[in-house]
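> Here the protein sequences come in this chain order: X and R.
Going by the working numbering, the residue at position 158 of the first sequence is 158; the numbering climbs one at a time, nothing skipped.
One gets the working numbering by counting positions in the second sequence from 1 and adding 290 to each.
Some hints could be false.
To be verified - Calculated pairs, SDA-like style, for lysine to any residue (alpha carbon to alpha carbon, straight line, at most 20 Å): (1) Lys365/R - Phe255/X; (2) Lys65/X - Lys474/R; (3) Lys474/R - Pro144/X; (4) Lys715/R - Asp60/X; (5) Lys715/R - Phe255/X; (6) Lys473/R - Pro144/X.
Think of the hints as simulated: they come from the structure by calculation, not from any bench.
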Amino acid sequence: MIRALNLKAWLLLLPALSLLVAFTHWPTLKTFWRSVTWARSDVAPSQFVGLENYQLLLDDPIFWKVLENNFWYAVGTVPTSIGLAIAMALWVNGKIRHKGLLRLAFFTPTILPMITVANIWLFFYSPGIGLFDQLLASVGIQGPNWLGDPDTALPSLMAMTIWKEAGFFMIFYLAALQTLSPELFAAARLEGAGPWRIFRRITFPLLMPTTLFVLINALLNAFKLVDHLFILTKGGPNNASNLLLYYIYETAFSFLDSYYAATLTVVMLLALAVIALLQILLFDRKIHYR
Amino acid sequence: MRIFHKTVASALLASLLGTAGAASAATDLTMYYPVAVGGSLTKIVDGIVSEFEAENPDINVNAIYAGNYNDARVKALAALQSGEPAQLSVMFSIDIHELRNLDAIDAFDDLISTDEEREWLDSFYPALMENGKADGKTWGVPFQRSTIVMYYNKDAFREAGLDPEVAPTTWEEFAEMGKKLVKKDGSGNVERWGAMIPSTGYPYWMFGALTKQNSEVLMNQAGNETYFDNPGVVEALEYWQSLGNEHKIMPEGVIEWGTLRQNFLEQKTAIMWHSTGNLTTVKNKASFDFGVAKLPGNKELGSPTGGGNFYVFKNSSAEEKAAALKLVKFMTSPQQAANWSQATGYMGVSQAAYETDSLKNYVKEFAPAAVARDQLTHATAELSTHEAGRVRKFLDDALQAALTGQSSAKQALEEAQSQATRVLKRYK
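Start from the sequences, fold in the hints, and give me the full structure.
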């Protein structure tokens, strides 16, 4: 009986499982295998080289640069967009007029494809003719060369990413806020708690599951989203805004070096796995699930 | 035996599909074609292709548009590797060494047979053939080709008290006239720059012009040696730097390729160096009087050629290759090249194209259309090496490091040279 049930369960899982194996697990294994082999070109037979590719990676200054950039990119975008998302969600959850319109406005950046957004922001950032420089010019300041200066290129990308992501995360918080029971807040107010205290002691802790979910997604996105680099900076100037995934793309499709690209990909997969594990282990204990 | 099977199979297939006539009824060609942002190019290419199909009812052409040059190469090669049909493609003229390393393309010398075809292959401008040749054979036939030219705002020249018909011809004049063209508002902020040379996208290409003007080349024809740290090359980069940090006619930092044309059209710069491929758009959109001139020179005039060549893939049948050759010949014929040039601003690829009535009249009415052609006598090959993507990036990074003031021109180029030497070692 149990065996028959098992079989049925496996049969039901089969479609999803075969897709996962074919398009996720098998390519992952192949990527790993590729990272320990090498060949002169894509048509030559490849040979096992052990950890040679990883040795190359340690000696590659651009690899370290993109890793550093990715770190700052994550630090710069994730907390800010989560903070903004909570603030926006609290606001549009309150009793205000034109709530629907406001929510739509906050959500609009999410609807637009990243490439479209990047093309729009390319003109925002354009020196002289761009929106930001024109705004600055109207108060008599000559704007910087946003994307052309190594000091401002990465922060410029971060600003755009925050704008794009915050609205998306807001939706999750908005949904979570609407599930919180109003009695809790009524009771808190009866006890004389101020709005900040309510937020800190009730709202925020109850939102923790959402925050964990959003945090993981935001961190993964910091590694996974590079569409805008193709349009805005191509990783330049001189790798100042280059990120790991874009470097993988460059290595694979511009340098045509699929072996080194596979090595970089393995590093990226490991990093993502570690991030997800750490978060679940660390936060799980502190979160109040209902 | 095999042949027999094949014939039977194709006969069966033909009858199944209900095609009338012999089994060899039609040859299907798949052509990969790069288009940068902007839909008008696809319409023009589609037009040429359907004209070709009308003239050759036994050939069907399936044109696949695949993004920029890099995307087109990636998609065409991926198609080849997975066994999808692909007989020909327009790809970056500088992809030649890598395509040969992959053993993906045939030499045109091996595809042609008649004297007439040999004559056709010899009919192109020699400067445009430089990037298409290796080991004494021609692997790429020029089609969507360009050089860098100087666009300048004649109204701005008048305003600055300069003769609008005289563009700068030397580096000194360029810097001097640039200074006069810079316009500042009351509080000293720049309203219009003197000139802009783009340094994202294809910085190595712009740099190819400056080095040629200083009588230097960046690599050898075999593509396994670079000369990034020659004193003349360093000098060229120092001149480029000086336009921003010394003469102040150009913004410091890198200048975005993608928005440069808009900057010029909105009169935020009086001069821009850009591909001839922009000519028709600038002509249609400029609200002011503009001119086009050859780039200025130092020891000599100069610009690299650029753009895309036709390649025929090795992995095709003899009939397909013959049909592909026919299509390439059609698309590069003088009349088509003349139409193409007028529609886009790209160059007519042969002398004969400029001798057609339509292009002759066009040039008479609109003189800038001939500047690219006249500059061809001063042209040099575009940077093209083995491991092209990597080597280009070494140079691009060095140029951007120098232009943003992260390192000196000499130091940046020496580093790029040593890195390039390292990866090119195995190709000697």
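> Decide if the proposed pair is consistent with the structure: Lys715/R and Phe255/X, CA atoms, cutoff 20 Å inclusive.
holds (16 Å)
> Between Lys473/R and Pro144/X, is the straight-line Cα distance small enough, at 20 Å or below?
Answer holds: Lys473/R to Pro144/X is near 18 Å, not above 20 Å.
> Does Asp60/X lie within 20 Å of Lys715/R when you go C-alpha to C-alpha?
holds (18 Å)
> Quickly compare the C-alpha distance for Lys365/R and Phe255/X to 20 Å and report which way the hint goes.
holds (15 Å)
> Is Lys474/R close enough to Pro144/X, meaning Cα to Cα at most 20 Å?
Between Lys474/R and Pro144/X the Cα gap is close to 16 Å, so the pair holds against 20 Å.
> Lys65/X and Lys474/R were given as a pair; does the straight-line alpha-carbon distance stay at or below 20 Å?
Since the Cα atoms of Lys65/X and Lys474/R sit roughly 38 Å apart, the hinted pair is violated (cutoff 20 Å).
In summary, the one numbered hint that this structure violates is 2.
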